[in-house]
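Model the placement of chain B on the given structure of chain A, informed by the hints.
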Amino acid sequence: MIQFKWRYAIILAILIILCGVRIYYVAGQFPEEETIVWHQGESFSWKDTNVTVKKSKFVSKEELCSRYQDVSEVAEILETYNIEGGKLKLLAVTIEVNDLTYEKFQDILYWRVAFGVTGNGVSYLTDAVHTDITDEPANREVTLFFRCDFESMDEDDVDFILRTQLYPIQEYVELDI
Amino acid sequence: MSIRRFFIIEIRRVLRSPALYIALLLGILLAVSQIVQYVFHFADINKLELYMDIDFMFPHSVLTSMMGFASGEWQSYALVEIAPLLAVIPFANSYYLDIKNGYVKNLYTRASKKSYLVSKYIVTFLSGAAAVAIPLLVNFLVCMMVVPYIQPITGTALFGIPFQTFWADLFYTNGILYVLGFCGIYAIFGGLYACLSLVAAFLVNNRFLVQLFPLIVIMAGSMILDISKNSLYAPRMLLQMGQGFSISGIRILLIIGALFIITLTYFWRGAKNDTI
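Chains A and B are the protein sequences, given in the same order.
Here the first sequence stands for residues 104 to 280, where the numbers follow the numbering used here.
Here the second sequence stands for residues 4 to 279, where the numbers follow the numbering used here.
Fair warning: there could be bad hints in the mix.
[Said to hold, decoys possible] EDC-like, lysine to aspartate or glutamate: derived pairs with alpha carbons at most 20 Å apart: (1) K150(A) with D202(A); (2) K150(A) with D101(B); (3) K150(A) with D47(B); (4) K50(B) with D202(A); (5) K150(A) with D262(A); (6) K150(A) with D58(B); (7) K50(B) with E136(A).
Quick caveat, the hints were computed from the structure, so don't treat them as lab data.
Computed from a predicted structure; not experimentally measured.
Just chain B, same shape as in the assembly:
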């Protein structure tokens, strides 16, 4: 069987898995709670039309109201904190279970290990990416249905993105691309979190530990970074669309690169693993 054939089988498995929909539901509940708690309130303020009477007042818009931008909101922080858990719910322990219940033996007799391992990695990545990024996209979409999208203006001190920060130019020229770009970053992190569980399949012998592995790695890694006074490298600091903390593209690339290299050990261990 080719990689493509395996990919279709794995995609079908993940789409039929209730776990995917549970993960999406949890994330979307978080996103919708932000809309209910904050954005509806902002829409009510907009109805007063104060921006028409007061100089230098801007109506509440998508880029001041959605997750990551609204002042005082907690949901964006919660999403970042639970991302390692959300990402693994849909499909991340499937490789471990495939080994445990002997499913891989059936596959390895029909096709190459490589095809199976590659397609498993891609589908696990996509499932994790979807679980983390879709809630953010839903929040963005619903937010646009409640408050207007108005292109932010620089030099007003009204918008959360200060000058000389990561993608500030993009924010002030095309805010939608900025949000979609950050959704992409969230998706990559979510995908890599899920793929960490593939590595865990060789390290631990418990399905729950396999699922908790990314959370443990991220928490331990963040703790080490905090202690070594490099907390700006921690994923929770990088996944800040509102840029409450200093973000740099290099730091994001470094952490993505490090996580990617860790997940690549799955191929090495997977190829060595003599299931049959």
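Isolated chain A (complex conformation):
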């Protein structure tokens, strides 16, 4: 038999304890993740503003064009993201925002849609409606457009969420499409 040496076992145990303490200390320096879930139609507070996701639906190219005055710009967007081809779809999410300012509007542009909370799925923000937002707070509706790629998944099998914050509070809205 291989002789068991207490000396090595003690050194190993001390090393493991030191590593554990250090890992615990590093983890303690960062706030714990917290998850808050909202539902479509529910009002919630975001950056001292009341926000409600009013509706979310897939839209056609024509519907997107109707939101823009400059059609060539829309054509460019469509070409860039290949919305017409394959299994790419355009998701429009309308949000009602109280006391919207230009700064908050810019932050809203970072909101992202994901397919499901865990596991697979990602999508990218494509564009937001060109809305004249001034620094004067106003109650406004904002529609965000997202490009959803269903190349390798079935849209009926996944849940859609709109992520509004990520860390340390992960906050998202479950969408009813």
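Just chain B now, with coordinates in the frame of chain A:
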């Protein structure tokens, strides 16, 4: 003597061999160099606490910083490239040397060939597995001591693992298991690389060539796969924890199976080999 008795003797030999510690030291140096070059820098960025002020910003965590995940780092690629060399350093040429210096003659007079061959295969496999996987585990552990472990969130485009890739579900539900699972894959490859040297003992008559044999096999195999436009089957493409390339479980199983079958010829040749 039984397989168990042989196994203990062989394990004792490998643990007392300086070559094992040289191989581990080389691998760990590579792992630590990644920490020094990248992870300390990420820890400094974390201290700025930008993630508290900027939306959709995540602190640098273990699964964005360690070997295989940090952008621009070269150490994970280096580890994969030198894995066939690291794996053979500890014990892989011991079978060849045992034959050459007549040690096996002493053993075969006392016990069956089978016991010796099986225990040699297992211990060689374990030594190769340790030489390749332990540096990765050390990197993971030290990384956790510098930056926090934070469970990645899908749908953010902040993490390197895209959707619909190998073990993506595991990555986004339990990142630690994902890393340990990949360490297991590295260990299997390392073990099989080391066992390729056992086969080489019957093919070449030079101890250095025996040790270089796995590297030659892997390089030649990768070259053939590249030429035949099947480069995704090459081990260097499969041993990518950050999944910079498309990985599939079937491809990993196929290559492991192929390497395993090659190493099994050692038993066939070993049983036929009339040492006495």
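Now for the hints, and whether the structure bears them out:
no., hint, verdict
1, K150(A) with D202(A), "holds (10 Å)"
2, K150(A) with D101(B), "violated (73 Å)"
3, K150(A) with D47(B), "violated (28 Å)"
4, K50(B) with D202(A), "violated (33 Å)"
5, K150(A) with D262(A), "violated (26 Å)"
6, K150(A) with D58(B), "holds (11 Å)"
7, K50(B) with E136(A), "holds (18 Å)"
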